[in-house]
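Participant: Single-letter residue listing:
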Amino acid sequence: GENVEQHPSTLSVQEGDSAVIKCTYSDSASNYFPWYKQELGKGPQLIIDIRSNVGEKKDQRIAVTLNKTAKHFSLHITETQPEDSAVYFCAASMNNQGGKLIFGQGTELSVKP
Amino acid sequence: DSGVTQTPKHLITATGQRVTLRCSPRSGDLSVYWYQQSLDQGLQFLIQYYNGEERAKGNILERFSAQQFPDLHSELNLSSLELGDSALYFCASSVGTGGQTQYFGPGTRLLVL
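For the protein sequence lines, the chains are A and B, in the order given.
Count the first sequence with my numbering and you get residues 1 to 113, in order.
Count the second sequence with my numbering and you get residues 1 to 113, in order.
By construction, these hints were calculated from the structure, which means they are not laboratory data.
As the structure is a prediction and not an experimental result, all values here were calculated from the model.
Quick reminder that beta carbons are idealized off the backbone N, C-alpha and C, glycines included.
Warning: the hint list may mix true and false statements.
[Said to hold, decoys possible] With a cut-off of at most 25 Å between alpha-carbon atoms, the simulated DSS-like pairs for lysine-lysine come out as follows: (1) A:Lys-22 <-> A:Lys-58; (2) A:Lys-71 <-> A:Lys-58; (3) B:Lys-9 <-> A:Lys-42; (4) A:Lys-22 <-> A:Lys-112; (5) A:Lys-37 <-> B:Lys-9; (6) A:Lys-68 <-> A:Lys-57.
[To be verified] Residues from chain B that face chain A, not an exhaustive set, calculated with beta carbons under 8 Å: (7) Tyr-33; (8) Leu-43; (9) Gln-48; (10) Arg-55; (11) Gly-58; (12) Gly-99.
[Said to hold, decoys possible] Have a look at the derived ranges for each label pair, beta carbon to beta carbon: (13) B:Val-95 <-> A:Lys-57: 17 to 23 Å; (14) B:Leu-83 <-> A:Val-54: 41 to 47 Å; (15) A:Gln-45 <-> B:Thr-7: 16 to 22 Å; (16) B:Glu-75 <-> A:Pro-113: 39 to 45 Å; (17) B:Ser-79 <-> A:Glu-108: 30 to 36 Å; (18) B:Asn-51 <-> A:Leu-46: 21 to 27 Å; (19) B:Asp-1 <-> A:Lys-71: 33 to 39 Å.
Chain B on its own, in the form it takes in the complex (with noise of 0.2 Å):
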């Protein structure tokens, strides 16, 4: 168990949609990545934040954002959603920023019909 906790395991929702996935980090880490794992890109990142701040961004789709709340945790929101959405999508997090171990949770497999 790394620490990290994620929110919901499964989603299963409709092309079209708009969802929220919930990443809660390992207790004093201030950073919080998104990752996104599917089977053609593989595990790309998207966005992360230091304590509370945008802190890099990488391919993350204009329809999805995220943010990080004062308690930390974060939450990525998808919207307008497309079957190629498809995917697992893993949160990690670490105590800074730049070169530190980060630690994944387990991820929410979010499934766009």
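Here chain A stands alone, though its shape is the one from the complex (with noise of 0.2 Å):
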């Protein structure tokens, strides 16, 4: 089945600087990778996502990046600020399976003020 690899697990930063965590996955037939931000005490919230036919996606400081040859994506978080601080989760899902998320294992992002 699909298997999904998110690195760094634990990342920190300097406020304004900007943040990269990146996900590879196992099946070439996955087309849909949505990224979630989870604070403390919280549910995963949707922050972007992206769909295999197209390449890259940007939401004002977000943006998500794509390659599908190498089966592996990114997100790109510019200009951090402390509220930034949080953890966030990549997945991958498939049409043909209900879309059921196969979440990788999460990236602790710190943003030191």
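Assemble the dimeric complex from its two separately framed chains, guided by the hints.
Facilitator: Take a look at the structure:
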């Protein structure tokens, strides 16, 4: 079945710097790749997603890139702020499996003021 | 607020007991997904229902079962509870099935003593 690997597990940056989190997936049939932010005591919140027919998507300070050939996708956060501190999860899913999400292990991002 | 509601927020019970977790999807969403989040296993897909029918199954134990009712709310039943079942249980919903954006609820924290 699908397997998603996420790196790094922890990331510490200075406020204003950029942060990059990378994920690789194993099944080339995966075609939907969302990113979630989870704050302490809350459920995962969708921040951006990308489908396999698109190589890059941007929403203000957040961008995601997808390389289907290499089977990896990345989250880029620019001009980081302390409120960006949280755990970030990448995920992958396939249309023909009901849409279940296979999650990466998570990255704990800490933005120091 | 994602629009997905889960009750109860916290649940403390003893080994061998049975509990029911409840989820109400966002208005208009037909799919409900259940996920388990634990420190050692991360976020794992359990089961999906679409318009009352089971659509996909993940790593769900035989002691666990779920259903989706005509009003589209869903319940996850956990029986013969073990210490290792202690985890956060999240419900998510989406409009359809297959590569749809999933919105997560706030979760139910289960502690088995």
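Participant: If a hint holds in the structure, say so; if it does not, say that too.
Facilitator: Tested hints:
1. A:Lys-22 <-> A:Lys-58: holds (16 Å)
2. A:Lys-71 <-> A:Lys-58: holds (19 Å)
3. B:Lys-9 <-> A:Lys-42: holds (11 Å)
4. A:Lys-22 <-> A:Lys-112: OK: A:Lys-22 and A:Lys-112 at ~21 Å, within 25 Å.
5. A:Lys-37 <-> B:Lys-9: At roughly 20 Å apart (the allowed maximum being 25 Å), B:Lys-9 and A:Lys-37 satisfy the hint.
6. A:Lys-68 <-> A:Lys-57: With a Cα-Cα distance of about 14 Å, the restraint between A:Lys-68 and A:Lys-57 holds, given a limit of 25 Å.
7. Tyr-33: holds (7 Å)
8. Leu-43: holds (4 Å)
9. Gln-48: holds (5 Å)
10. Arg-55: holds (4 Å)
11. Gly-58: Hint holds; B:Gly-58 Cβ to chain A Cβ min 6 Å, cut 8 Å.
12. Gly-99: holds (4 Å)
13. B:Val-95 <-> A:Lys-57: 17 to 23 Å: holds (20 Å)
14. B:Leu-83 <-> A:Val-54: 41 to 47 Å: holds (44 Å)
15. A:Gln-45 <-> B:Thr-7: 16 to 22 Å: At roughly 20 Å between Cβ atoms, B:Thr-7 and A:Gln-45 fall inside 16 to 22 Å, so the hint holds.
16. B:Glu-75 <-> A:Pro-113: 39 to 45 Å: 44 Å Cβ-Cβ, so the 39 to 45 Å window holds.
17. B:Ser-79 <-> A:Glu-108: 30 to 36 Å: Roughly 34 Å apart at Cβ, these two residues keep to the hinted range, so it holds.
18. B:Asn-51 <-> A:Leu-46: 21 to 27 Å: Given about 22 Å between the Cβ atoms, the range holds.
19. B:Asp-1 <-> A:Lys-71: 33 to 39 Å: For B:Asp-1 and A:Lys-71 the Cβ distance comes to about 35 Å; the hint holds.
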